[in-house]
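Q: Protein chains in written order, with the working numbering: chain A, 1 to 325; chain B, 1001 to 1325.
Simulated from the structure, these hints should not be mistaken for lab results. Treat the hints loosely; a few may be bogus.
[Claimed, not checked] What the simulated footprint calls covered on chain A by chain B, stretch by stretch (three residues with Cβ under 8 Å from a Cβ of chain B suffice, anywhere in the stretch; the number is not a length):
no.	region
1	71-85
2	132-139
3	248-259
4	271-280
Every residue gets a Cβ at the ideal spot worked out from N, C-alpha and C, and that includes glycine.
Number of protein chains: 2
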Amino acid sequence: MAGIRDVARLAHVSTSTVSLVLNNNGHVSDKTRKKVETAMQELNYIPNELARNLYHSKTNIVGLILPDIAHPFFGLFAKYVEIELHKEGYKTMLCSTVHEENGEKEYIDMLNRQMMDGIIMGSHSLDIDEYNGIVRPIVSLDRYINETIPIVMSDHEKGGTLAAEELLRCGCRKVLQIMGNRNVNTPAHLHHYAFEKKLLEAGVSVCTEEMPWNRWSFEEFYAFVKKIYTAYPDIDAVYGADLIAVAYLKEAGARGRRIPEDLKIIAYDGTDVTRMGAVTITSVYQDVQQLAKEAVKLLVEKINGIENQNDRRILDVCLKKGETT
Amino acid sequence: MAGIRDVARLAHVSTSTVSLVLNNNGHVSDKTRKKVETAMQELNYIPNELARNLYHSKTNIVGLILPDIAHPFFGLFAKYVEIELHKEGYKTMLCSTVHEENGEKEYIDMLNRQMMDGIIMGSHSLDIDEYNGIVRPIVSLDRYINETIPIVMSDHEKGGTLAAEELLRCGCRKVLQIMGNRNVNTPAHLHHYAFEKKLLEAGVSVCTEEMPWNRWSFEEFYAFVKKIYTAYPDIDAVYGADLIAVAYLKEAGARGRRIPEDLKIIAYDGTDVTRMGAVTITSVYQDVQQLAKEAVKLLVEKINGIENQNDRRILDVCLKKGETT
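In isolation and in its complexed conformation, chain A is listed as follows (with noise of 0.2 Å):
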């Protein structure tokens, strides 16, 4: 049934715009309420939507939970989900984890109390069973964790496997990849082992170190780089996220390692940051426009009675080359 969004989608006018031609206020130019007045009739829209959803405890809020909304990518993601949400007429409340251990309990607990519609999952530390039995709406980016929350994410093994082409392509003999905590339960790290397949089976070796978990600045980063670079001291080249990339080529830099010459290096997600440096990074491209996209479409469906169990959005990703190879 069609209802007030939809109208105003329709009309190309706000949700406001409509309830103002529903409650007869003249502030709405006569253009206006006809473009509304003909959306409705060809919606078949019945303008009594207030008394239906009357019992339904529609807030219109959807939480996004994030690990931390200043990280390059999930900032990123953030501003495009709300910019979606918007469009659907949701209002995006925030929650970043990282400071917050018992933030993503708290949005459960609010979304199972109707204060909120859905929820956008961009981060998980919860243990997995508190999920079970959840029959209200979830949209999970890049984290499994049940059947009944789909999931929207990048096609991470063709990431890791481009990274590792175009290392193959340079000529790389032996490769450190750094990668998030394993204990994380995310797919985003099936780009590193699909990185790592496909050097290992042309005979390279590969070196891996994990970062410790819940680290997401970029002085964190940083201080990693800095910690384990005296210990890869032949290696010629580095595979890691943005910011870690962008670490490890201003370490190597000051320590007069010539870059792509002596020491390649290739970023995953591509955000701005690599881009920023004089030295633009080749980089993995995430399209993290088109997952927000993607888990707000989802999410409302979901939201909607549309049923999408199971349902997987799996994004292309592409080979940005730069100047690191």
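We have chain A; now place chain B onto it with these hints.
A: Same frame as chain A, now just chain B:
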């Protein structure tokens, strides 16, 4: 927005009867239920648990309005605001105005309709008049709106003066400053005025470029820098916001200018992006975490009925010497 009491008055029933209807409790006659529902439609009363919290007239939700959550300064501000609000028991509802012209208006409406307890406003584009008569809690970051709305800001005059003094120490004679659009009424421009004043007093010539309105992404900043670069062949220093400084450093380097020998660069804000590159940019540092703490503190005071009209929290800034001066 119509509250439960308005509905009760119009339907000639008690507020508790309205609650019974809202909670779909059976002990209400169809006749009474119809009266209540009609009154709700007439008043455009949108019932949900949040609206029902009006009963206790508190939602524990604070609206945060920013131009662009993916911008380094505003992303960091949002991060700390959310952390501080969480400590105080409030949830953060995010609105980025770059892509939502009516976002600010919507939030003001929600605030007036008591759908949120307060607003922290880091972006302001509405006509100032729209704020007159608003008695609900609002705190502004860097924006003067009216005397009832407290402001949190850095000591921008000191910031601009520190930058000018640094360039004078370096013996600069012709400086380019790139600033935000002056149509935006913000004390943040003060650092440019103080910067210019100090340099002109010392006989240094200052050229000023103004960014188009509402530009926030690195691509936009970099495109702008490329566009104006050749117009200033003989400057010996550049001063602007972090992303402008980063973009100028990138472009100048690509064109073979030696930094800092041929060209000095100072950034304003001092977020991570000024430290990510091979060359750390000298910057005027704003304490974003403290700005967030003060904004939340002032807002919570206002929510709790503590009078803080005309209140201004002006935080100290410092110069962080990098490798670009």
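Q: Now tell me, hint by hint, if it's right for this structure.
A: How the hints compare with the structure:
For the region 71-85 of chain A, the assignment as covered by chain B holds, since 7 residues bring a beta-carbon within under 8 Å of that chain's beta-carbons and 3 suffice. For the region 132-139 of chain A, the assignment as covered by chain B is violated, since 0 residues bring a beta-carbon within under 8 Å of that chain's beta-carbons and 3 are needed. Check result for the region 248-259 of chain A against chain B: holds, 4 residues qualifying (beta carbon to beta carbon below 8 Å, three or more required). Taking a C-beta to C-beta cut-off of 8 Å, the region 271-280 of chain A contributes 7 residues in contact with chain B, enough for the three needed, and the coverage statement holds.
Violation of the numbered hints given earlier is confined to hint 2; every other hint is satisfied by the structure.
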